[in-house]
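2 protein chains.
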Amino acid sequence: MGEEVINGNLESTNRVVDIYPLSNYVFESKQPLIDRDETLAERAQRMRANYASCGLRTRVEAVLLVELLKHPHLLLLQVKNSFFKLPGGRLRPGESEINGLKRKLSSKLSINEDGFDTEWEVGECLGKWWRPDFETLMYPYLPTRVRKPKECTKLFLVNLPITQKFSVPKNLKMLAVPLFQIHENTYGPVIAGVPQLLSRFSINFIEN
Amino acid sequence: MGEEVINGNLESTNRVVDIYPLSNYVFESKQPLIDRDETLAERAQRMRANYASCGLRTRVEAVLLVELLKHPHLLLLQVKNSFFKLPGGRLRPGESEINGLKRKLSSKLSINEDGFDTEWEVGECLGKWWRPDFETLMYPYLPTRVRKPKECTKLFLVNLPITQKFSVPKNLKMLAVPLFQIHENTYGPVIAGVPQLLSRFSINFIEN
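First to last, the sequence lines map onto chains A and B.
The first sequence begins at -11 in this note's numbering and counts up one residue at a time.
The second sequence begins at -11 in this note's numbering and counts up one residue at a time.
Keep in mind the hints are simulated off the structure, nothing from the lab.
On a predicted model such as this, the values are computed, not experimentally measured, just so you know.
For every residue, glycine included, the Cβ atom is placed at its ideal position computed from N, Cα and C.
Each hint should be verified, as a subset may be incorrect.
Listed below are the simulated DSS-like cross-link pairs for lysine-lysine, each with C-alpha atoms no more than 25 Å apart in a straight line [as the list claims (entries may be wrong)]:
{"#": "1", "chain 1": "A", "residue 1": "Lys136", "chain 2": "B", "residue 2": "Lys138"}
{"#": "2", "chain 1": "B", "residue 1": "Lys136", "chain 2": "A", "residue 2": "Lys138"}
{"#": "3", "chain 1": "A", "residue 1": "Lys161", "chain 2": "A", "residue 2": "Lys58"}
{"#": "4", "chain 1": "A", "residue 1": "Lys138", "chain 2": "A", "residue 2": "Lys73"}
{"#": "5", "chain 1": "B", "residue 1": "Lys58", "chain 2": "B", "residue 2": "Lys138"}
{"#": "6", "chain 1": "B", "residue 1": "Lys73", "chain 2": "A", "residue 2": "Lys58"}
Label pairs and their computed distance ranges (CB to CB) [stated by the list, open to error]:
{"#": "7", "chain 1": "A", "residue 1": "Glu16", "chain 2": "B", "residue 2": "Arg31", "range": "34 to 44 Å"}
{"#": "8", "chain 1": "B", "residue 1": "Asn12", "chain 2": "A", "residue 2": "Thr132", "range": "15 to 25 Å"}
{"#": "9", "chain 1": "B", "residue 1": "Ala37", "chain 2": "A", "residue 2": "Asp23", "range": "26 to 36 Å"}
{"#": "10", "chain 1": "A", "residue 1": "Lys136", "chain 2": "B", "residue 2": "Ile194", "range": "20 to 30 Å"}
{"#": "11", "chain 1": "A", "residue 1": "Ala29", "chain 2": "B", "residue 2": "Glu195", "range": "40 to 50 Å"}
Computed footprint of chain B on chain A; a stretch qualifies when at least three of its residues, placed anywhere within it, have a C-beta under 8 Å from a C-beta of chain B [as the list claims (entries may be wrong)]:
{"#": "12", "region": "4 to 16"}
{"#": "13", "region": "35 to 47"}
{"#": "14", "region": "58 to 72"}
{"#": "15", "region": "128 to 138"}
Looking at chain A on its own, in the form it has when it is part of the complex (with noise of 0.2 Å):
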């Protein structure tokens, strides 16, 4: 389960990992998460102020797959009915990236926002986003000319096992989106990234 396999299949390897039906996890609800940033400009403003304290802000974010449908599905976080978003968030001054993931998904996805009732299984980084400023997009590449990028997105592939409670947020709402209407739709650069970055996988489908 979620290990790497080397394939019979002639020199190249070839990942596999093992997804499990939607039905197989129960999605509960717990208290609001405080959101710190009501605005855009909100946001932007207290991403000035972190990079003036601590520099470089290194943000995690978790690709978990469900299968629905024969289907690889993604599971997203929808805030407020409008914007989407890879559960996740950012690191502590000198956390590990795994660590702050594990914490994050934790806070966000847990009964106990400590997490000691989930043990978080990350995998390999998919890819990385820079964004080279305050309020720009975010590019799969550091853009030329960028000499102090002010955020870096880093994502992970996270293994669930067979079975799984998550706890959402009231003020959150977990959805589980086919990988074609990721592909295809309009969530975002860094989620409609997310079909190729899974391509180089073979994905299995575990029946119940």
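Since the structure of chain A is provided, determine the placement of chain B on it from the hints.
Just chain B, lined up with the frame of chain A:
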């Protein structure tokens, strides 16, 4: 040169790709390659015939990177001053992906078609694209309800040596295109996705 480097950066592995200045490479021309597909209709017809005799067609294509102005550039082949493609081609029945890609790179880019003059270092698979039917678009996942895809294209990172001579057939043009232009522009979905597929690597510009 080209190895995978495990970075000391906490727990996460950070793959480093070394790339060299474009000026390190020499580009010559050689006899034109026969283009078997004058039109898209001819290509679809040939794909149908191949599928009938050999089943699922697998293509392998190379992502070759060079440095120019401190930004990674992708080597693309332009056909007839119109569309662009990654160097590569179709595997022979039973041929391994890596051997097939080396053979295709030699036939398209080496002085001697047998490729004895070039040692291609094929790295990891970056992504896969599926063609559900002979004349349809490609997708970075197997679309639902498609039981018999007609073509699978696999992209591999190919690590270039510090210097190399390319012999480009006279009916093709080779270009080094910056990643930012590929990401923004319309080279088709497969090529436009390469910057994302590369984003998990740290690119190390080697200076002369």
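Point to revise | Coverage assertion for the region 4 to 16 of chain A with respect to chain B, Cβ distance below 8 Å, three residues required | key: That given contact is violated, which follows from only 0 residues of the region 4 to 16 of chain A lying within Cβ reach (below 8 Å) of chain B.
Exercise for review: Compare the distance between the alpha carbons of Lys138 of chain A and Lys73 of chain A with 25 Å, and conclude whether the hinted pair is satisfied.
Suggested key: 19 Å, holds
Review point. Holds or violated: are the alpha carbons of Lys136 of chain B and Lys138 of chain A at most 25 Å from each other?
Key: Given that 25 Å is the threshold and the Cα spacing comes to 45 Å, the pair is violated.
**Study point:** Glu195 of chain B and Ala29 of chain A - C-beta distance against the hinted 40 to 50 Å
**Key:** Holds, at about 41 Å.
Point to revise | Supplied distance hint 20 to 30 Å, evaluated on CB atoms of Lys136 of chain A and Ile194 of chain B | key: 23 Å, holds
Review point. Is it true that Glu16 of chain A and Arg31 of chain B lie within 34 to 44 Å of each other by Cβ?
Key: 52 Å, violated
Check your understanding: Keeping to a limit of 25 Å between CA atoms, is the pair of Lys161 of chain A and Lys58 of chain A held or broken?
Key -> 23 Å, holds
Check your understanding: Can the region 58 to 72 of chain A be counted as covered by chain B under the rule of three residues or more with Cβ-Cβ separation shorter than 8 Å?
Key -> holds (count 3)
Exercise for review: With respect to the beta-carbon atoms only, verify the hint that Asn12 of chain B and Thr132 of chain A lie 15 to 25 Å apart.
Suggested key: Between Asn12 of chain B and Thr132 of chain A, where Cβ atoms are some 19 Å apart, the hint holds.
Practice item. Mind taking a look at whether chain B covers the region 35 to 47 of chain A? Criterion is 3 or more residues with CB to CB distance under 8 Å. Key: violated (count 0)
Point to revise | Restraint status (C-alpha distance of Lys136 of chain A to Lys138 of chain B at most 25 Å) | key: 45 Å, violated
Point to revise | Pair hint outcome, Lys73 of chain B versus Lys58 of chain A [Cα-Cα no greater than 25 Å] | key: The hint is violated at about 32 Å.
Consistency note: the structure conflicts with the earlier hints numbered 1, 2, 5, 6, 7, 9, 12 and 13.
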